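Enquirer: Can you make the complete structure from the sequences, with help from the hints?
Note that the protein sequences, when read in sequence, are chains A and B.
Residue numbering for the first sequence is -18 to 147, as defined by this note's numbering.
Residue numbering for the second sequence is 29 to 127, as defined by this note's numbering.
Treat the hints as calculated values from the structure; they're not laboratory data.
Keep in mind it's a predicted model, so treat the numbers as computed, not measured.
Backbone N, C-alpha and C define an ideal beta-carbon position, used for all residues, glycine too.
Among these hints, one or two may not hold up.
As the list claims (entries may be wrong) - DSS-like cross-link-like pairs, simulated, lysine-lysine; straight-line CA separation at most 27 Å:
{"no.": "1", "chain 1": "A", "residue 1": "K(-3)", "chain 2": "B", "residue 2": "K60"}
{"no.": "2", "chain 1": "A", "residue 1": "K125", "chain 2": "A", "residue 2": "K0"}
{"no.": "3", "chain 1": "A", "residue 1": "K74", "chain 2": "B", "residue 2": "K34"}
{"no.": "4", "chain 1": "A", "residue 1": "K(-7)", "chain 2": "B", "residue 2": "K34"}
{"no.": "5", "chain 1": "B", "residue 1": "K34", "chain 2": "A", "residue 2": "K(-3)"}
{"no.": "6", "chain 1": "B", "residue 1": "K45", "chain 2": "A", "residue 2": "K(-7)"}
To be verified - To list a few chain B residues with every Cβ distance to chain A over 10 Å, as calculated:
{"no.": "7", "residue": "F30"}
{"no.": "8", "residue": "T53"}
{"no.": "9", "residue": "A55"}
{"no.": "10", "residue": "P56"}
{"no.": "11", "residue": "F57"}
{"no.": "12", "residue": "L58"}
{"no.": "13", "residue": "K60"}
{"no.": "14", "residue": "K61"}
{"no.": "15", "residue": "I62"}
{"no.": "16", "residue": "R64"}
{"no.": "17", "residue": "Y84"}
{"no.": "18", "residue": "S88"}
{"no.": "19", "residue": "F93"}
{"no.": "20", "residue": "P109"}
{"no.": "21", "residue": "N113"}
{"no.": "22", "residue": "I120"}
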Amino acid sequence: MIYQIINMLDSKIGVKRAKAHCDVPCGIYDPSTAQIAALTVVRMMDLMADLEVKGDDKGTSYHNSMARYIDVKEEHAEKAKHEVRVIWGDYIKAQHVEQHPGLTDLVHKIMQLGSKSRQTADREAGVQFVEAINEFAQIFWETKGVATKRANAPYAPALEMVYPDL
Amino acid sequence: MFRLIKVTGESLSPFLKDGDYVLITTAPFLLKKINRGDLVVFHHDDVGMMIKKVAYVDPSLDALFVIGTHPSSVDSKQLGPISNNSIIGKVIWHIPSPV
Chain A
-18 MIYQIINMLD SKIGVKRAKA HCDVPCGIYD PSTAQIAALT VVRMMDLMAD
32 LEVKGDDKGT SYHNSMARYI DVKEEHAEKA KHEVRVIWGD YIKAQHVEQH
82 PGLTDLVHKI MQLGSKSRQT ADREAGVQFV EAINEFAQIF WETKGVATKR
132 ANAPYAPALE MVYPDL
Chain B
29 MFRLIKVTGE SLSPFLKDGD YVLITTAPFL LKKINRGDLV VFHHDDVGMM
79 IKKVAYVDPS LDALFVIGTH PSSVDSKQLG PISNNSIIGK VIWHIPSPV
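Expert: Here it is as structure tokens:
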């Protein structure tokens, strides 16, 4: 009751704001980095599978290319996990979890799928990794009051992605 | 003597949340009695008006050091000591948002 009265007063006269920010004002959080990193993981899996089929001669060139694909896959799986952890730790608040009760399990699932994508060349795990981060992105944009849309990425592996519908 | 302030940000959660209001006193004689644990509103040259919790008061520097209560909050390690001249007021009443 008191809050509503003060809030109404605020809308009329404009009460001053005091910042209780966690980071010296930045507030720039965006799940797209994690989404692109996860997509890169699947792309590397595809390139690895392609090389395996085409690479009759398992010579130096084959090993060099395969090592590079694996290295990029490792790097981007970890990058995707890192980006999700930052949003989870620095942006997501208790009220967001209350509004989206499955969020904690979803973040845990992303961590697990990210690890599986590093440990294996299982494309299905990579695709699930992308989709789990898509779901995370959808929730993130909902907390911002931003509508989302789904569309296929305009580059290989052209998986379906969640984008803010600005 | 008194000012109403709205809190933005979550660095003092769970005590103060984004959208809460606080009533502060600006009475000089009360601002001389700031203690560890008090919530203070102050001016920071780079950031503007901020609200934080007092970690400790250093009389020799004529300044105090502040913290947030959220794990990723900025504090005096980033903001530096807050001089007594920068203190605008001390929180005396908290009006939480009903969320």
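Enquirer: Each hint should be assessed against the structure and marked as holding or not.
Expert: Going down the list of hints, with the structure as the test:
1. At roughly 23 Å between alpha-carbon atoms, A/K(-3) and B/K60 fall within 27 Å of each other, so this suggested pair holds.
2. Using a Cα cut-off of 27 Å, the hinted pair A/K125 and A/K0 holds, with the two alpha carbons roughly 19 Å apart.
3. Between A/K74 and B/K34 the CA atoms are separated by roughly 19 Å; this keeps the pair inside 27 Å, and the hint holds.
4. In summary, the hint linking A/K(-7) to B/K34 is supported, as the alpha carbons are separated by about 14 Å, within the 27 Å threshold.
5. The hinted pair formed by B/K34 and A/K(-3) meets the criterion: a straight-line CA distance of about 6 Å does not exceed 27 Å.
6. This hinted pair checks out: B/K45 and A/K(-7) have alpha carbons roughly 22 Å apart, not beyond 27 Å.
7. At roughly 12 Å, the least C-beta separation between B/F30 and chain A is larger than 10 Å, which holds for a residue marked as non-interface.
8. Non-interface call for B/T53 relative to chain A: holds, since the shortest CB-CB distance, roughly 14 Å, exceeds 10 Å.
9. For B/A55, the non-interface assignment is confirmed: its Cβ lies about 18 Å from the closest Cβ of chain A, beyond the 10 Å cut-off.
10. With a minimum CB-CB distance of about 19 Å to chain A, B/P56 clears the 10 Å threshold, and the non-interface call stands.
11. Non-interface call for B/F57 relative to chain A: holds, since the shortest CB-CB distance, roughly 22 Å, exceeds 10 Å.
12. Once the 10 Å rule is applied to beta carbons, B/L58 is consistent with being away from chain A; the minimum gap is 17 Å.
13. Every CB of chain A is more than 10 Å from the CB of B/K60 (nearest about 21 Å), matching its label as outside the interface.
14. The Cβ of B/K61 lies farther than 10 Å from every Cβ of chain A, with a closest approach of about 20 Å, so its non-interface assignment holds.
15. Separation of B/I62 from chain A is adequate, the least Cβ-Cβ distance of about 16 Å exceeding the 10 Å criterion.
16. Distance check on B/R64: its Cβ is at least 18 Å (rounded) from any Cβ of chain A, clearing the 10 Å threshold; non-interface status holds.
17. Here B/Y84 stays apart from chain A, with its beta-carbon at least about 19 Å from theirs, past the 10 Å limit.
18. At the 10 Å boundary, the C-beta of B/S88 stays outside the reach of chain A, the nearest C-beta of that chain being 27 Å off.
19. Distance to chain A confirms B/F93 as a non-interface residue, since its nearest Cβ pair spans about 16 Å, more than 10 Å.
20. Every CB of chain A lies more than 10 Å from the CB of B/P109, the least distance being 16 Å, so the non-interface label holds.
21. Every CB of chain A is more than 10 Å from the CB of B/N113 (nearest about 17 Å), matching its label as outside the interface.
22. Residue placement check: B/I120 keeps its beta carbon more than 10 Å from all beta carbons of chain A (closest about 14 Å).
Of the numbered hints stated above, none is contradicted by the structure.
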